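Q: Sequence:
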Amino acid sequence: MSPNVPLDTVSVIGLGYIGLPTAAVLAQAGKTVIGVDVKQSNVDAINAGRVPFVEDGLEAVVAGVVAQGKLSAQTATPEADAYIVSVPTPFKGDHDADLSYIEAAARGIAPQLKGGELVVLESTSPPGATEHMAQVILTERPEFTTEPNLPNSLYFSHAPERVLPGRIMIEMIDNDRIIGGTTDEASQLTRELYASFCRGELLLTDAKTAEMAKLTENAFRDVNIAFANELSIIADRQGIDVWELIELANHHPRVNILQPGPGVGGHCIAVDPWFIVSADREYSKLIATARNVNDSKPEMVLKKVLERAERFKAPTVAALGIAFKANIDDLRESPSRNIAGALAQQLPDGTVLVVEPNVEELPQELAERSNVELTSLDDALKRADIVLLLVDHDPFKELDRELLQEKIVIDTKGLWR
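First residue of the sequence shown? That's 1 in the working numbering, and the numbers climb one at a time after it.
Among these hints, one or two may not hold up.
[What the hints assert, rightly or not] Simulated DEER-style distance windows between Cβ atoms:
(1) GLY64 <-> ILE234: 47 to 53 Å
(2) ARG401 <-> ASP379: 15 to 21 Å
(3) ARG417 <-> ALA48: 40 to 46 Å
(4) ALA288 <-> GLU79: 41 to 47 Å
(5) ARG237 <-> GLN405: 24 to 30 Å
(6) ARG237 <-> SER196: 49 to 55 Å
(7) ASN256 <-> ARG199: 24 to 30 Å
[Claimed, not checked] Keeping only pairs whose Cα atoms sit at most 30 Å apart, straight-line, the calculated DSBU-like set for lysine-lysine is:
(8) LYS304 <-> LYS407
(9) LYS407 <-> LYS382
(10) LYS303 <-> LYS313
(11) LYS407 <-> LYS397
(12) LYS382 <-> LYS325
(13) LYS92 <-> LYS285
Hints are computed from structural coordinates only; laboratory data are not their basis. Keep in mind that this is a model prediction, so the values were computed, not measured. Cβ coordinates follow ideal geometry from the N, Cα and C atoms, glycine included.
Using the sequences provided together with the hints, build the complete structure.
A: Dropping the structure here:
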């Protein structure tokens with residue numbers, strides 16, 4: 001049975017690609033939501049009903065709930081009935097999880113607590129991170145306890161997101177959700193909170209299992225993509241069209257090979273499997289190998305481009321797409337972004353024309369290079385000697401193929417077969 005505590009006011013810590021949509025759907029469900037972000041520019045944008053990144057359907061919801069007074073943003077952590085922590089979990093050292101952002105969020109929450117609050121960790125993290133967050137708060141506030149149903153009880157759980165960028169506003173509501181509390185009562189409270197907006201099934205477990213479930217989902221994808229990427233390298237060396245090969249193999253009723261690409265990006269599939277590896281390095285050999293295969297794929301793409309570029313004194317390469325996947329503006333952990341940067345470095349007399357229809361400016365490491373330009377698709381195709389397709393954005397699918405006839409084309413996505 002869920003403890004009798006209020007869940008009317010929710011503070012979402014971290015208003016990024018997951019935190020802001022979570023705050024928006026909670027506000028849409030009638031909660032009073034106070035978002036917290038370290039960037040004043042993000043806070044100002046949200047309070048004006050705008051969003052600081054591209055996500056289909058998000059801005060309309062944010063504008064609506066801000067106008068209704070159900071969502072506001074600030075830089076300081078407020079008092080609330082429930083807290084949802086959605087902050088980065090980057091790497092440190094040998095692909096170990098850096099929990100410093102979670103720790104900072106916990107220390108910001110601790111002074112605001114009065115007893116009875118729910119604290120949910122949404123950040124993808126290694127097994128034990130939710131318990132670690134709880135311990136940080138309890139160290140700051142030793143008068144509280146995780147023993148349930150007392151005046152000084154606190155409730156901690158993990159509820160990992162499992163949404164696809166570009167479809168977040170749909171999948172946030174419709175997808176099944178895993179909820180893992182450090183106690184049964186914490187799980188029940190979290191289910192009550194998430195049931196306010198989630199139509200999918202809410203699956204209860206313990207915190208460590210919930211943490212591992214999210215990592216397992218992304219490691220499964222990573223291992224299967226690694227097979228496709230490794231196959232693409234072998235097929236290329238054998239003079240075989242990998243796209244035809246996969247298409248033929250997938251006619252087997254029990255075979256479903258994924259599509260290869262220039263690597264694996266984003267803050268999930270490119271990152272999360274390492275958290276399993278760091279938790280048990282001795283027995284995570286397959287997962288580690290898959291990560292290494294996918295991390296090495298950009299080098300193979302780079303090598304192919306440089307070989308073609310040797311015939312030009314000052315080659316111009318059009319790099320089509322630097323987001324980590326199609327039709328979004330998210331550049332995190334993007335192999336395409338890294339390939340564009342490496343090309344600029346290794347072709348000092350050449351020019352890299354970046355075409356990324358979803359961003360208005362280049363990331364700093366590309367913008368500061370004199371031989372890199374952000375330009376339109378038409379301009380890039382007119383000027384390029386080599387056209388390198390890295391991301392299958394919709395505008396690239398609709399391209400007039402006649403424009404490619406006199407170009408060297410390297411298609412890493414099989415889009416123009």
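Q: Is 24 to 30 Å a correct range for the gap between the Cβ atoms of ARG237 and GLN405?
A: holds, 27 Å
Q: LYS407 and LYS382: Cα distance at most 30 Å?
A: Distance ~10 Å between LYS407 and LYS382 Cα, so the pair holds.
Q: Could you check the hint for me, namely that ASN256 and ARG199 are 24 to 30 Å apart, CB to CB?
A: holds, 28 Å
Q: Mind checking the alpha carbons of LYS303 and LYS313 for me, to see if they're no more than 30 Å apart?
A: Since the Cα atoms of LYS303 and LYS313 sit roughly 17 Å apart, the hinted pair holds (cutoff 30 Å).
Q: So the hint says 47 to 53 Å: do the beta-carbon atoms of GLY64 and ILE234 match that?
A: holds, 51 Å
Q: Just to be careful, I want the Cα atoms of LYS304 and LYS407 compared with a cutoff of 30 Å; is the pair within it?
A: holds, 15 Å
Q: Does the Cβ pair ARG401, ASP379 satisfy 15 to 21 Å?
A: Holds - the Cβ-Cβ distance for ARG401 and ASP379, about 18 Å, lies within 15 to 21 Å.
Q: With the threshold set at 30 Å, check whether the alpha-carbon distance from LYS407 to LYS397 stays at or below it.
A: holds, 17 Å
Q: Between LYS382 and LYS325, is the straight-line Cα distance small enough, at 30 Å or below?
A: The given pair, whose Cα atoms are some 25 Å apart, holds under the 30 Å limit.
Q: Can you confirm whether the C-alpha distance between LYS92 and LYS285 stays at or below 30 Å?
A: holds, 20 Å
Q: Indicate whether the distance between the beta carbons of ARG417 and ALA48 respects the range 40 to 46 Å.
A: About 45 Å separates the Cβ atoms of ARG417 and ALA48, which means 40 to 46 Å holds.
Q: For the range 41 to 47 Å, tell me whether the beta carbons of ALA288 and GLU79 fit it or not.
A: Since the Cβ atoms of ALA288 and GLU79 sit about 44 Å apart, the hinted range of 41 to 47 Å holds.
Hint violations for this structure: none, all hints satisfied.
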